[in-house]
Each structure stands twice: as structure tokens, then as C-alpha cells.
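Student: Sequence:
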Amino acid sequence: MTAATASPDPLSHRLTACGLRPTAQRETVFQVLLSKRDHPTADEVFARVKEVMPTISLATVYNCLEALVQHELVRAVNFERAPTRYCPNLHPHAHFHDEAGRTLDIELPPNLLEQLRSLLPTGYAAKHIEINFHGHTTES
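Positions 0 to 139 (numbering that gives the first Met the number 0) are the ones given, in order, by the sequence shown.
Just to be clear, a hint being listed does not mean it is correct.
Said to hold, decoys possible - Have a look at the derived ranges for each label pair, beta carbon to beta carbon:
no., residue 1, residue 2, range
1, L10, E138, 19 to 27 Å
2, E65, K126, 12 to 20 Å
3, A81, T121, 34 to 42 Å
4, S11, P109, 13 to 21 Å
5, L10, K49, 12 to 20 Å
6, Q69, T121, 15 to 23 Å
I should point out that these hints are in silico values taken from the structure, not numbers from a laboratory.
By construction, the Cβ of each residue, glycine as well, lies at the ideal position given by its N, Cα and C atoms.
Build the full structure now, drawing on both the sequences and the hints.
Tutor: Next comes the structure, spelled out in C-alpha cells:
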């Protein structure tokens, strides 16, 4: 690469490294998720992407989100009777979902997931462990 050539976009690199073709739509959806880590729904992602890419369709946003989830660049977070939310934090953590619809990342104590895996019967292995808290704010 020459000095006049721009360095490759880190988002493009991350998409390519996991086997995804880096399209403008995928990069924009991914950037939206990374820029504001508030666990948005697909509709919220769509509204944010539409601000910078007005011609994008909701179906395209859903397809981009599904590709990012399948290639483990983001996680789909599901709560009962609520729309799927998307989390770019791939480190082991839990989620707290409150009655107002906010979702927060909760750091877990070291070794908690290993302790939980040790509870499984012999011959079983957990591929994923999800810990979700449901509640409300105690602030007035």
C-alpha cells in the first residue's frame, strides 16, 4: 500500500475475516450497532441506518442483521414477548432488561460460566449460556 492509498476499513476487514462480503449495507448496519451499544431492535437499526442510507429497505436490514448474527459478529438477544435485540458485545456477559424496554450489559464474575458448565450431566456440553435478568429500576 502506498502512502496515498487509504488503509482498509476495519469493518471491511472484520466482515471479510469471518467470510462475509463487505457491502455498504452490511458495513453501515454493523457501524450503527457498534456506535451506540444500546441493544437496538431491527426497527431501531433500520431507522438509524435510514438516516445515512435513505434507500435501504427493512428487509435488507433484517438480512444484514441475520448475516452478522450467523457469522458471530453480533448476538441476537431475545426476551419473552419482546422483539429481538442486537448486541455487538461478544465478551461473556449477561443482560438486564427493564420494564421500560432498556437492555444493559452486566459483567459476570470470573469463572461463573465454567461453574455453570460443570453442573451439566456427564456427556453434555453447552455451546452457549445465556443469562438474562428481568426487572425494573429502583430509582424514583
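Student: Take the hints in turn and mark each one as holding or not.
Tutor: Comparing the hints with the structure gives:
1. L10 - E138: 19 to 27 Å: violated (36 Å)
2. E65 - K126: 12 to 20 Å: About 19 Å separates the Cβ atoms of E65 and K126, which means 12 to 20 Å holds.
3. A81 - T121: 34 to 42 Å: holds (36 Å)
4. S11 - P109: 13 to 21 Å: For S11 and P109 the Cβ distance comes to about 34 Å; the hint is violated.
5. L10 - K49: 12 to 20 Å: Given a distance of about 19 Å, which is inside 12 to 20 Å, the answer is holds.
6. Q69 - T121: 15 to 23 Å: violated (31 Å)
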